[in-house]
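> The chain contents come next:
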Amino acid sequence: MSADDHSCGRDSCGCSEGNSSTAKTSILDQLGDEEGFHPMGSGWEDEMREMLDDTEYDAELGMEMARDAMRLVAGEISEEEFYEQYHDAVVDEFETDERPMAELFEEDEGEPDGHVAKLSELSAEDVTRRDTMKKVGLGAGAIGLGGLFSNDQNTEDPVSSTAAAASDDHREGDQRYGMVIDLERCDGCLECVVGCIDENGTDRGANWMYVMTWEDQNTEQENFMVRPCQHCSNAPCAKVCPVQARHIRDRDGLVLTDYETCIGCRYCQVACPYGVNYFQWGDPEIPTDDLMTGDHGLSGSELRELSEEERVDTLQDSGDHIHDYRGREVDSRGRVGTMGKCTFCPSRQDGNMGEEYVGTVACMDACDSQGMSAIHFGDLNDENSRPNRYLERAKEMQVDPEDKQEGVIDEEEDIWAPAPHGESQLSAFRLLEEIGTQPNILYLGNEPGPEAEQIEGPVPYDRLRDSRDRQVVDRRKDVTDEMTDFGAAGD
Amino acid sequence: MTREPSEEDILRPLKHTSMWYFVALGIAGIGALIWVAGYLWQLQHGLAVTGLSDWGSGGGVTWGMYIGLFIWWVGIAHGGIILSAAVRLLGMDRYQPVARLAELLTIGALSMAGLMILVHTGRPDRLVWSVVVSYTETVHSSPLVWDVTVITLYFVLTATYLALTLRYDISRLRDDLPGLFTPFYEVVTLGYTEEEDPIVERMVWWLALAIIILAPLLLHGGVIPWLFQLMPSMPGWFDSVQGPQFLTIALSSAISGVIILSYVMRARYDWYHLLSDNVLRGLTNWLGLFVLLFLWLQLQQVISGVFAAPISVGTVTGAMLGHPVYWFAIGVSVLILALIFASAIRPSIWSPTLAVVFSVGILSATLAEKVLFLVEGLQYPGFGLYAAIPGAYFPSLVEISAFVGTVSMVTIFFLVVLKVFPVIELHAVESHDGDHGHAEVAD
Amino acid sequence: MVLEIFGMVSPVDYWEGIAPGSWLIFAVVLVPVYTAVAAWYLGKPGNPKMATMGVVYLVGLTLALWVPFYIATVLIGIIFF
Numbered sequence: 096m097s098a099d100d101h102s103c104g105r106d107s108c109g110c111s112e113g114n115s116s117t118a119k120t121s122i123l124d125q126l127g128d129e130e131g132f133h134p135m136g137s138g139w140e141d142e143m144r145e146m147l148d149d150t151e152y153d154a155e156l157g158m159e160m161a162r163d164a165m166r167l168v169a170g171e172i173s174e175e176e177f178y179e180q181y182h183d184a185v186v187d188e189f190e191t192d193e194r195p196m197a198e199l200f201e202e203d204e205g206e207p208d209g210h211v212a213k214l215s216e217l218s219a220e221d222v223t224r225r226d227t228m229k230k231v232g233l234g235a236g237a238i239g240l241g242g243l244f245s246n247d248q249n250t251e252d253p254v255s256s257t258a259a260a261a262s263d264d265h266r267e268g269d270q271r272y273g274m275v276i277d278l279e280r281c282d283g284c285l286e287c288v289v290g291c292i293d294e295n296g297t298d299r300g301a302n303w304m305y306v307m308t309w310e311d312q313n314t315e316q317e318n319f320m321v322r323p324c325q326h327c328s329n330a331p332c333a334k335v336c337p338v339q340a341r342h343i344r345d346r347d348g349l350v351l352t353d354y355e356t357c358i359g360c361r362y363c364q365v366a367c368p369y370g371v372n373y374f375q376w377g378d379p380e381i382p383t384d385d386l387m388t389g390d391h392g393l394s395g396s397e398l399r400e401l402s403e404e405e406r407v408d409t410l411q412d413s414g415d416h417i418h419d420y421r422g423r424e425v426d427s428r429g430r431v432g433t434m435g436k437c438t439f440c441p442s443r444q445d446g447n448m449g450e451e452y453v454g455t456v457a458c459m460d461a462c463d464s465q466g467m468s469a470i471h472f473g474d475l476n477d478e479n480s481r482p483n484r485y486l487e488r489a490k491e492m493q494v495d496p497e498d499k500q501e502g503v504i505d506e507e508e509d510i511w512a513p514a515p516h517g518e519s520q521l522s523a524f525r526l527l528e529e530i531g532t533q534p535n536i537l538y539l540g541n542e543p544g545p546e547a548e549q550i551e552g553p554v555p556y557d558r559l560r561d562s563r564d565r566q567v568v569d570r571r572k573d574v575t576d577e578m579t580d581f582g583a584a585g586d
Numbered sequence: 299m300t301r302e303p304s305e306e307d308i309l310r311p312l313k314h315t316s317m318w319y320f321v322a323l324g325i326a327g328i329g330a331l332i333w334v335a336g337y338l339w340q341l342q343h344g345l346a347v348t349g350l351s352d353w354g355s356g357g358g359v360t361w362g363m364y365i366g367l368f369i370w371w372v373g374i375a376h377g378g379i380i381l382s383a384a385v386r387l388l389g390m391d392r393y394q395p396v397a398r399l400a401e402l403l404t405i406g407a408l409s410m411a412g413l414m415i416l417v418h419t420g421r422p423d424r425l426v427w428s429v430v431v432s433y434t435e436t437v438h439s440s441p442l443v444w445d446v447t448v449i450t451l452y453f454v455l456t457a458t459y460l461a462l463t464l465r466y467d468i469s470r471l472r473d474d475l476p477g478l479f480t481p482f483y484e485v486v487t488l489g490y491t492e493e494e495d496p497i498v499e500r501m502v503w504w505l506a507l508a509i510i511i512l513a514p515l516l517l518h519g520g521v522i523p524w525l526f527q528l529m530p531s532m533p534g535w536f537d538s539v540q541g542p543q544f545l546t547i548a549l550s551s552a553i554s555g556v557i558i559l560s561y562v563m564r565a566r567y568d569w570y571h572l573l574s575d576n577v578l579r580g581l582t583n584w585l586g587l588f589v590l591l592f593l594w595l596q597l598q599q600v601i602s603g604v605f606a607a608p609i610s611v612g613t614v615t616g617a618m619l620g621h622p623v624y625w626f627a628i629g630v631s632v633l634i635l636a637l638i639f640a641s642a643i644r645p646s647i648w649s650p651t652l653a654v655v656f657s658v659g660i661l662s663a664t665l666a667e668k669v670l671f672l673v674e675g676l677q678y679p680g681f682g683l684y685a686a687i688p689g690a691y692f693p694s695l696v697e698i699s700a701f702v703g704t705v706s707m708v709t710i711f712f713l714v715v716l717k718v719f720p721v722i723e724l725h726a727v728e729s730h731d732g733d734h735g736h737a738e739v740a741d
Numbered sequence: 013m014v015l016e017i018f019g020m021v022s023p024v025d026y027w028e029g030i031a032p033g034s035w036l037i038f039a040v041v042l043v044p045v046y047t048a049v050a051a052w053y054l055g056k057p058g059n060p061k062m063a064t065m066g067v068v069y070l071v072g073l074t075l076a077l078w079v080p081f082y083i084a085t086v087l088i089g090i091i092f093f
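Chains as they are written, first to last, in my numbering: chain A, 96 to 586; chain B, 299 to 741; chain C, 13 to 93.
Some hints here could point you the wrong way.
[Unchecked claim] With the C-beta cut set under 8 angstroms, the calculated list includes, among others, these residues of chain C facing chain B:
no., residue
1, G29
2, G33
3, T47
4, Y82
[What the hints assert, rightly or not] Far from chain C, some chain B residues (derived; all Cβ distances over 10 angstroms):
no., residue
5, L312
6, G327
7, I332
8, D423
9, S469
10, E494
11, V604
12, A606
13, A666
14, S694
Rather than coming from a laboratory, the hints here were simulated on the basis of the structure. Since this is a predicted model, take the numbers as computed values, not measurements. Yeah, the Cβ is synthetic: ideal placement off N, Cα and C, and Gly gets one too.
Given only the sequences and the hints, what does the whole structure look like? Please build it.
Pasting the structure below:
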């Protein structure tokens, strides 16, 4: 019986019609036999097969097992049959059969109401599509295919790859810009902060790039948190915007504000968990003419009337630093009454600044120029991009877990000694990942816990000046208060 | 001993204008001008004049008194629907003389709420255009767009309600109304026939039903608290008790608004027999009920915030419990509740003036509580690593002028309406003297 | 047995398919309005002419609210921005 089914389950072959005319009602019929054995259809199966083909293991064996796992779930075959049928093949292929059944099976021998019996009690009626998929996942997981059935990002190991987090509905393009920031390499010099201010002409205190020095009460260690916008794939700020001014750019996932549409309600600022937004409370300190606008003399709407080719040429010829390739006003500091934040420098990515600036951001350039190279910006979907290459190298640097155990017990004193925690120990995290924002910044280094506190850094903000000779300000409110301080307003 | 209410009573504001009218108009006009000056200043220099700033490294708070006033005015606007529902849907006829006043309060208060949205934005010049052109997309995801939608609905439904009920009154009182507004009366009574009365009566009943579901449950118990409640990043807000909590505050403010309005009107126009002590006493008891519910929901929030809350929730609860403004709001509410209960046992404690004192107290408490809720919610975000957190905020003069200005503008609105059409329904006097002898369907 | 089934239910992604605002506004918030308007046309006593007048009120007042509001914002734009 299973042999018959194999022949027609592998693809949506012509024999499915004949099968469905027979009287048997198997789970396969219920799920729509013509679509193949898997509830998600033959297309899904083809994908699975391709992925299996890419592995060093036998693809056909995997598909057969997955198929019979479905039948197992439906109660058409027993756990015992499933286990026995594939035991030899699995041992052949993988040298060992580590499926959970192997152990369960031994435990349950001579004990009919054990785990196995319970599992097989499930009747086909109890099984929803979703449950079925989960259990198929269970079956497939036994041969190391679990990942195929689960696209749950939260369970994913952040270190494994930044490219794996690409499942986003809003996204059409292939690119997904993001950063790997190695906090261990940061020394708190704040050059990235100044680089950003110089690039974007932001007001004093509007530190789109912000660096915090922090410590935890349990340690004396000085840690850093480099905080640009997280350019979330599931950005709450874009979700709540009442006018679609805050949006995710389709082409490359940049989270941007259209300064010509924004009504300044500041809901994005309220919704953002990271506090990366800085409102243009008054007239911008740096006039538009000083922003390297280019000299094309066209307004945003005039730019948008051009064909994309003409527009891109215009923007690139003039080095426009305000409009992106769509002709939308999204780069540099915003107009009065609109929201601003780190943009990932869209006019650089669109080539307005010249080809050599594509794939760079001002803060990274500043960091590199200091010889720190803590910030690695690039396309996370590209395996060869700078952040992914950096991540690969970081992983290679990891100490072998075996070596880590050395010295854990001080034999002479017979007490626990602290494990060595060399610089090469890789700890990676995304900020507030549990809120579900799917941030595109991956941090390497220490993650601040709830009790962490910002402390005075090695370089105080007010010691620095930007290229326009303005003092760098840490707390923006000190600046915005100048308007409401009537004593000072008279000056 | 009681006087019989008559048409003459409800026409009094339209026929007589005392010196006090002009005094009130003058004071309210000055109040409104103060705000106009403040707003012009803001338009010139941007929101920098408000004392608001960026949360996070900025050390400020980005939403403040404007949004607090917005919530407060929408809350007061609920007076209209409570009273209309009591009369129209529950048949509590004794509140009929207050019903139209309350509906007008709804229109006035909602207008002020809308104005606060405008004043709050950094780019009022593109507010309408930007919202309208993206509406079909943003309605699916932006709680702020839901707010705009439901407030518009509430406004339009209430105004329709008012317009439909005015047809009956104006067509009958037409000869006694001032000639100045003839075009207005003609538009309102366009195509009026006596045959429509039972039909309009039924249409109005359905409208009242729609508004009673929409306004309390979906507006103040819905989209307004959801502006805050749906933000997982702000532990002080992310709490599903906010819907009911906002609603009890709205209902308390609404009843307070109606009490103050009734008290002033009956004193000015000698309406003691229409807006009787009984009506005011009844409203005070309702106030007591809503304040009780408000305090009960506060208790819910406090106990889950202090017992074994996550650190971030515990922090914001602690900040709330440590703030004098919070204890002002709670203290005033507890005191008023105790006095309302006491006057139920010993009626001699109660007086109309005391009811007004209660109302002013509750309105101050609700405004204080709402602004504090807003500000502290933003001051204690989940991601609290910044040294500049909690930021600092104190309402600036420009923001306070918006409070003065909106109260003044609602006053002006009433002063104008008093001279245009009767603010007490003709039905309210007819049910006593049967002047026009119309058989009523509902009551 | 029952517990196992509950344990296997996986969470629904509410943002996939119909976003919350879509059903919230059009299938919840507007229901009272649909009901009232339907009752105007279908209920007794009633006539279609009066019901239509009611609808004209609703639409007219919406416009009376938003059109002047729009003009005001345009004026603010011309003068201040």
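> If a hint holds in the structure, say so; if it does not, say that too.
Here is how each hint holds up against the structure:
Hint on G29/C is violated. Least Cβ distance to chain B is approximately 11 angstroms, over the 8 angstroms limit. Interface restraint check: G33/C against chain B, minimum CB-CB distance 4 angstroms, threshold 8 angstroms, status holds. Interface restraint check: T47/C against chain B, minimum CB-CB distance 6 angstroms, threshold 8 angstroms, status holds. At a threshold of 8 angstroms, the smallest CB-CB gap from Y82/C to chain B is about 4 angstroms, leaving the interface hint in force.
Interface exclusion of L312/B from chain C stands, the closest Cβ pair being 24 angstroms apart, more than 10 angstroms. No beta-carbon of chain C comes within 10 angstroms of the beta-carbon of G327/B; the shortest separation is about 20 angstroms. I332/B, annotated as away from the interface, keeps every beta carbon of chain C farther than 10 angstroms; the closest lies near 19 angstroms. Distance check for D423/B against chain C: the nearest CB is about 3 angstroms away, which does not clear 10 angstroms, and the non-interface claim fails.
The non-interface label for S469/B is consistent with chain C: the shortest C-beta to C-beta separation is roughly 14 angstroms, beyond 10 angstroms. With 10 angstroms as the threshold on Cβ separation, the claim that E494/B sits away from chain C is violated: the shortest Cβ distance comes to roughly 6 angstroms. Every C-beta of chain C lies more than 10 angstroms from that of V604/B, the closest at about 30 angstroms, which supports listing it as non-interface. Listed as outside the interface, A606/B is consistent with that label: its C-beta sits roughly 25 angstroms from the nearest C-beta of chain C, beyond the 10 angstroms cut-off.
Chain C leaves A666/B outside its interface by the beta-carbon criterion, the shortest separation being 30 angstroms against a cut-off of 10 angstroms. No Cβ of chain C comes within 10 angstroms of the Cβ of S694/B; the nearest lies about 19 angstroms off, and the non-interface call holds.
The structure is inconsistent with the numbered hints 1, 8, 10, although it conforms to all the rest.
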